[in-house]
Each structure stands twice: as C-alpha cells, then as structure tokens.
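S.K.: Sequence:
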Amino acid sequence: MSVAFWVYLIIFIAFLACGAPIYMALLSSGLSYCFLHGGIDNMAVMAKMYGSLDSFVLLAIPMFMAAGIVMNNGGITDRIFNVCRALLGHLPGGLAYVNVLASFLFSGMSGSALADVGGLGNVEIKAMRDEGYDDDTIFGITAASATMGPIVPPSIPMVVYGSAASVSVGTLFVAGLGPGIAIGIILCIAVFLVSKRRKYQVHKRATLRELLGCIKRSFFALLLPVIIMGGIMCGYFTPTEASCIAITYCIFVVCLVYRDMPFRHLLGVVDGTVSGIVPALAIVSSASLFGWVLQFEHLGQKMYTGIMAVTDNKWLILLIIDLILLFFGMILDSTPTIMLLVPIFQPLTQAVGISSIHLGIIVVLNLMIGLMTPPYGQSLFMLSGTTGVSFNKIVKYVMPWLLPMFIALLAITFIEPITLAIPVMLGFEVF
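Per this note's numbering, the very first residue in the sequence shown carries number 49; after that it's consecutive.
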C-alpha cells in the first residue's frame, strides 16, 4: 500500500472519530489521496464527482423520499395500520402481527426503513402500549419489521446499489419481493412464539362490514404499491419514472381524495426532501473519489487474491461478505458503505458465480440490520427520540429480535431461489 493510501485511511478514520459528517470524511480523505498520489488533474477530480451524480437512476431517490414524507404526514400510515388491524388484530399478539404486515405494506410505498420507524412506527407503538404489550416486544418488533422497508420494493438503498454496481434497479426491485416475504414470515413465527409464552389478550374479530369499511377508506393508499410494482414488472415504466408516479399519486390522494393535508404543507415536504437528499448525494459524489483508490491501490484484486487464497467456496465467500457488511453496517450509513464496498465485492462475487442481483439483496439486508444494532443504529436513535425512552433501554429491548433477522439473513444468503426465483420466472436477467 502506498503512503497516499495510509494518509487516506488515517484522515477518513480521524474525521469519523471527530463526529464529522461522512461526506466530509470521504471528501477530505479522497482529495488528500489525489493530491499525494499525483498525476490526477483538478478538472478530472471535479468531472468524476459530477459524473457520479449524472445518473437518471439517482433521480428516483428524492422522489421516493418525498413520497414517504407525504404518506407519513398525510394520514396514509394510519389507514394502512387500521386495515391490518382489522385483518389480524383478533389473533393472540395480534398487534405484533399487525406491526409486521403494516410495515410490509408501507415498505411497498416508501422504500425507507427510517420512514417506517418515524411514521408508521409511532402509530404502532402507541397502539401496542395502549393494549399493554411489553416494551421489549413493542420496540423489538417495530425495529425488526422496519428493516423490510428497503427490501420490499421500492427501495432507496437498492437505487444506490444499482448505480454503484451498474445493474438494473427494476430487477433488484422484483428480486426484493421474495426476501421481503421471507422476512415477514420469520418475524411472524417469532411473534407467535413470544405471544404464546406471554399470553397476550385476544380481541374480538372485526366483522366483515368493519373490514370492508377499512379497506374502502384505505383503497387508494393500498393501490400505490400495485401501481408501482405492476408498472415496473409489466415494463410500463422504469424505477425512476415509478418514483415520479409515486409522489404524484401520493399528493393526489392525500390532498385531493382524502384531504388530510393542505397544499401549503407541500413546502414542508420539499424542505424535508432537500434536507435528506443533499447529504445522500454529497456522499455519493465524494465517495466516487474512492474509485481512484481502488484503481491505483488494486484493492479489488488484493481482496480477490486474499480471499481466494483462503477459500474458493462461494458460500464461505458470501459468509465473509456478510460479516464484513454487518460490521460496517454497525458504524456507517448504508449509502457510503454501498459506494465503498460494492466495487470491491462485485468482481470477487462475479468470479465465483454469484449473481450481482443476489449480492445486492444481501448487501441491503445486512445494512438494514445495521440500523438496529449499536453503536450507530439510526433506527434505535429514532425510536429513542420519538418515544423518550433512553437509547440504552431501546438497545436492550431490540437485541433479542436480532436473532430472527440473522436467521432471515442466513436463509436469504444461502438459498438463492428466495431472491432469484421471482425475477427469473418473470423473465428478468439476474446474472
């Protein structure tokens, strides 16, 4: 490794240790590397950073962000929760099942785990507390079910991965359906076991009239994931076009159909979207300089050589990748982790016959588990901030629920058809 690389690494770690924004750490270390390495023109640096953002695919990120904000502020989350409660609320531990199903449905609209925790999560937590559920069940299932947000399409991290790995975002979206269903089933099994042990009270089953009434009041909200995924799977529009349709449809529904949000509040949506998208795009742009570090230091080739010297078994390689991603997911946000690690992993996985689509789902799931693990766990901080419960207590409540998530991770990692069967059946290219 060159002196420039060690300077890059030291500056990056130092900035993170000082609590600086990730994009500042990436930018400062990247510019330092370019300066010390030499032979890199200043205009080439600017062109590379600009070129990383000159992507039609990345336009989907602010649109899905805005759609999530509109849904949380426009009452769509409440309507989704009420439908799920009418369907499953009568079961023992019914609200925990409702939590899982509502998160699955909301995932098909927002594409963000934090939107799930910050919006739908508040509704779920209040309802479960009113029914006397234990805090470990309330916070554990809320944090765990929110991880489905970026797995069930649409998904903001999948858009970032698609841009970094140069693979079809539409195929990634379709590939996320199987893993999303698998995670939901595993979480429901965990809920069943917990409910059986704690003997949660059973409520009266909703009548058919009440159920139909809930569906009628939520019909337009429930139609959104059908429009988005149906359009993508049938080839009517691309994921980026789907994101534009999603935000347009959300505004139409909440402002004109339900009238739960006046048009003047859309300025707040714009403000929230800009606040979220600027740091994300700054990370993508500054992380692009890491491409030169990869190129000049031959990091991809060195990792390939090192791992292949240990094993050429693709399942062991996937397990190693899982462990690396879980570690980085604990300390970094998903966007910089994807931009930094995917260019290293992809040549290795392609060499041993692992689909880049399968790798994408594994990457996203690992990083979403990272959202519910300390010390960085954004979902944990958000739950603490919105409920007033201390961060340490949230960590204690959530830790047992990592077990079903790890079981889901191992199943999705080693059983490829969970990820690839649906896209293959629909004629999508997965290799």
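What the hints contain is simulated information worked out from the structure, not anything from laboratory work.
A portion of the hints provided could be inaccurate.
Stated by the list, open to error - In silico PhoX-like cross-links for lysine-lysine, where the CA-CA straight-line distance does not exceed 25 Å: (1) 174 - 252; (2) 244 - 441; (3) 247 - 96; (4) 264 - 252; (5) 174 - 247; (6) 444 - 247; (7) 247 - 362; (8) 350 - 174; (9) 247 - 264; (10) 350 - 96; (11) 174 - 96; (12) 174 - 441; (13) 244 - 444.
Claimed, not checked - Computed beta-carbon distance windows for the label pairs: (14) 89 - 448: 48 to 58 Å; (15) 58 - 278: 45 to 55 Å; (16) 458 - 178: 51 to 61 Å; (17) 89 - 62: 39 to 49 Å; (18) 371 - 344: 20 to 30 Å; (19) 264 - 348: 48 to 58 Å; (20) 310 - 247: 30 to 40 Å; (21) 374 - 344: 47 to 57 Å; (22) 233 - 344: 44 to 54 Å; (23) 315 - 354: 49 to 59 Å; (24) 312 - 358: 35 to 45 Å.
Using N, Cα and C, we set each Cβ at its ideal position, and we do this for glycine too.
S.K.: Each hint should be assessed against the structure and marked as holding or not.
M.R.: Hints, verified against the model:
1. 174 - 252: holds (20 Å)
2. 244 - 441: With Cα atoms ~24 Å apart, residue 244 and residue 441 stay inside 25 Å; holds.
3. 247 - 96: Cα-Cα ~59 Å, so violated.
4. 264 - 252: holds (21 Å)
5. 174 - 247: Between residue 174 and residue 247 the Cα gap is close to 20 Å, so the pair holds against 25 Å.
6. 444 - 247: holds (22 Å)
7. 247 - 362: This hinted pair is violated, its Cα atoms lying about 43 Å apart.
8. 350 - 174: Distance ~51 Å between residue 350 and residue 174 Cα, so the pair is violated.
9. 247 - 264: violated (33 Å)
10. 350 - 96: Answer holds: residue 350 to residue 96 is near 24 Å, not above 25 Å.
11. 174 - 96: Given pair residue 174, residue 96 is violated - Cα atoms ~47 Å apart, limit 25 Å.
12. 174 - 441: Within the cut-off at roughly 17 Å; holds.
13. 244 - 444: Roughly 21 Å separates the two Cα atoms, so the pair holds.
14. 89 - 448: 48 to 58 Å: holds (54 Å)
15. 58 - 278: 45 to 55 Å: holds (50 Å)
16. 458 - 178: 51 to 61 Å: The hint (51 to 61 Å, Cβ to Cβ) is violated, given that residue 458 and residue 178 are roughly 35 Å apart.
17. 89 - 62: 39 to 49 Å: Distance hint for residue 89, residue 62 is violated at roughly 27 Å.
18. 371 - 344: 20 to 30 Å: holds (27 Å)
19. 264 - 348: 48 to 58 Å: This hint holds: roughly 54 Å between Cβ atoms.
20. 310 - 247: 30 to 40 Å: The hint (30 to 40 Å, Cβ to Cβ) is violated, given that residue 310 and residue 247 are roughly 45 Å apart.
21. 374 - 344: 47 to 57 Å: violated (28 Å)
22. 233 - 344: 44 to 54 Å: Holds: the Cβ-Cβ distance is about 46 Å, inside 44 to 54 Å.
23. 315 - 354: 49 to 59 Å: Cβ of residue 315 to Cβ of residue 354: about 52 Å, so the range 49 to 59 Å holds.
24. 312 - 358: 35 to 45 Å: For residue 312 and residue 358 the Cβ distance comes to about 60 Å; the hint is violated.
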